[in-house]
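Peer 1: The chain contents come next:
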Amino acid sequence: MSDWRTNPRQGRSQFLPLLGEVKKRLALGETMKMIFESYPELKMSYAQFTRYIKKYCEDEIQAFAQKTDNAATALNNNEIAEQVSETKQRVRNPADLRRLRNKDIDLDELKNSTGEENDSSNS
Amino acid sequence: MIVAILNYTGTVGKTTVAAHLLSPRMNNAPIFAIESINETAAGLGVDVEKMAGNKFRELFKRIMLEDDAIIDIGASNIEEFMNNLVKFDDSHEEISHFLIPVTSGTKEQKETILMLDTLASIGIQSDKIKVIFNRVDNDVEEEFPFIVARHRKAKTFMLNKECAIFENEIFDALSIKGLTVDALLADTTDYKSLLKNNKDASPKDRNLWADMFGLKSLAKGVKRNLDDVYANIF
Chain A
15 MSDWRTNPRQ GRSQFLPLLG EVKKRLALGE TMKMIFESYP ELKMSYAQFT RYIKKYCEDE
75 IQAFAQKTDN AATALNNNEI AEQVSETKQR VRNPADLRRL RNKDIDLDEL KNSTGEENDS
135 SNS
Chain B
52 MIVAILNYTG TVGKTTVAAH LLSPRMNNAP IFAIESINET AAGLGVDVEK MAGNKFRELF
112 KRIMLEDDAI IDIGASNIEE FMNNLVKFDD SHEEISHFLI PVTSGTKEQK ETILMLDTLA
172 SIGIQSDKIK VIFNRVDNDV EEEFPFIVAR HRKAKTFMLN KECAIFENEI FDALSIKGLT
232 VDALLADTTD YKSLLKNNKD ASPKDRNLWA DMFGLKSLAK GVKRNLDDVY ANIF
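As you go down the protein sequences, you meet chains A and B in turn. Here this note's numbering is used: the first residue of the first sequence is 15, the next is one more, and so on. Here this note's numbering is used: the first residue of the second sequence is 52, the next is one more, and so on.
Chain B with its partners taken away, still in its complex shape:
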């Protein structure tokens, strides 16, 4: 399965989707980051191959050789990527799903609608274009009225309100630590025992253990949320 994550606008969670949601559930599929400016999932300890938007032919060749792959298209390279998607006739056929993360800002929803319209106009089938609601507080319908209205008007993409990643401080915290949710949960260190049995350890170490213990506890709920989203996307 080849999955592309894209949006005309930045900071909607494309890299979060690639590293935290998809990669661990797609047998650690390789991530191709089409990015020249912003941070990639490599900062989260995930294997990432960085490529420029103008190396489309190379990317195309690489994905043809992979069974599973994730293409994370950064906002800085999206125009170039889209130009190439049009130039290379039917290249979109090689991509199984186009995931469009969106956050609730008005500008982000507007740019997302343009992205969705563009993908549909290229001729991509509606069942391959899927919205992921990111940083949701409570209610998709209330927080994303324009996306919901666009879908009501024309079903050129898939909208499933269950595809909602809820706002959680863990994503920011893990970007500082360079970890994914799954990597954190795979860490078998018993931080609670460390704290309990090493009262003389340095404040720095004790602080780190307490921090990791709190994050692991937070990660369990986030993993459940991501599992649900993944099950609802595909």
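Chain A on its own, in the form it takes in the complex:
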């Protein structure tokens, strides 16, 4: 381990300003890994990041786990997979936007896929 006197710890001071945003993202179902990777400027290991999350975001983790348990009973596996995939695509900056813009859409697959019975939201 490096000497704290010559290499002072900065992790907590970098993590805490992001706490509000991290909590919101956890509540929306993003994984700790996804959140960590979206902050490349953080000078800490992933393991340390998860320790901070466990310490400061305990309520959010529990609330989301409870919500997921309840939702799982109502949703089938495909729906869950789709929700996860939608969440992963969340746009946070112009680079995400460009990635999504260039996404390929398989029209054949789309046309042949089955969905929910009611295909009209408000008619």
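FYI, nobody ran anything at the bench for these hints, they're computed from the structure. Among the clues, some could well be false.
[As the list claims (entries may be wrong)] Derived lysine-lysine pairs resembling DSSO-like cross-links, with alpha carbons at most 27 Å apart:
1) A:Lys125 to B:Lys179
2) B:Lys138 to A:Lys38
3) B:Lys138 to A:Lys47
4) B:Lys138 to A:Lys37
5) B:Lys106 to B:Lys179
6) B:Lys161 to A:Lys125
7) B:Lys212 to A:Lys57
8) B:Lys212 to B:Lys158
9) B:Lys228 to B:Lys247
[Claimed, not checked] So, partial list: chain B residues that the calculated Cβ filter (under 8 Å) puts toward chain A:
10) Met133
11) Asn134
12) Ile164
13) Asp168
14) Ser172
15) Ile173
16) Arg201
17) Lys204
Built from N, CA and C at the ideal position, the CB exists for glycine as well.
Following the hints, position chain B against chain A.
Peer 2: Below, chain B alone, put in the same frame as chain A:
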């Protein structure tokens, strides 16, 4: 109510929606055209303020000062507009509805799906994202199979098959005359009487009167269609 009309692809009827559908039914709300290349609703005799996509902060300020406004985002500026929508955190909250006109071509439907996915990924609620089917011949389900299938797969936007503007030659004809459907119907000139009582008038005038009489007759049905679409969108 602040309404944005947008799509990644051009020529799907964004300006038609702004000028013919929304503006007359929103107390002639101001139209902000985010456009640098293509024609805007100003060509239809509607008041339009033209702005570049990179003046987002200015646009944002302007819409905060208006109760009602229409933002017509041209395809030439859409990427810049979307970048700014992401950069300015929660700016989408200030827009009441995102209307996405679409025509039935495969490319147009594909680009529309990307547009719908992008708006949902920014975090815009599904009930604020609405598709308008434009240039419909007969049947939405038959002509827009990919949009309908996308909606079946995930309800990230609102789809109402009644939001269909039917194909009509009047829109092209009015773009040449620089008029909207409502402006045409507000014209009280009795073109039929003019034709009947001025048989010696110049062929040019008589031709114009006959043309206007035909267009006014066509406009009544189109107005009914637009009224129905408006009632179903909001």
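Peer 1: Each hint needs a verdict: does it hold in this structure or not?
Peer 2: Evaluated hints:
1. A:Lys125 to B:Lys179: holds, 25 Å
2. B:Lys138 to A:Lys38: With a Cα-Cα distance of about 18 Å, the restraint between Lys138 of chain B and Lys38 of chain A holds, given a limit of 27 Å.
3. B:Lys138 to A:Lys47: This hinted pair holds, its Cα atoms lying about 23 Å apart.
4. B:Lys138 to A:Lys37: holds, 20 Å
5. B:Lys106 to B:Lys179: holds, 24 Å
6. B:Lys161 to A:Lys125: Holds: Lys161 of chain B and Lys125 of chain A sit about 12 Å apart, inside 27 Å.
7. B:Lys212 to A:Lys57: The given pair, whose Cα atoms are some 52 Å apart, is violated under the 27 Å limit.
8. B:Lys212 to B:Lys158: holds, 20 Å
9. B:Lys228 to B:Lys247: Status holds; Cα separation ~23 Å.
10. Met133: Status holds, d = 6 Å.
11. Asn134: holds, 5 Å
12. Ile164: holds, 6 Å
13. Asp168: Holds - the Cβ of Asp168 of chain B comes within 8 Å of chain A, reaching about 6 Å at its closest.
14. Ser172: holds, 4 Å
15. Ile173: Where the cut-off is 8 Å and the nearest Cβ of chain A is about 5 Å from Ile173 of chain B, the hint holds.
16. Arg201: Holds, about 6 Å.
17. Lys204: Since chain A brings a Cβ to about 5 Å from Lys204 of chain B, closer than 8 Å, the hint holds.
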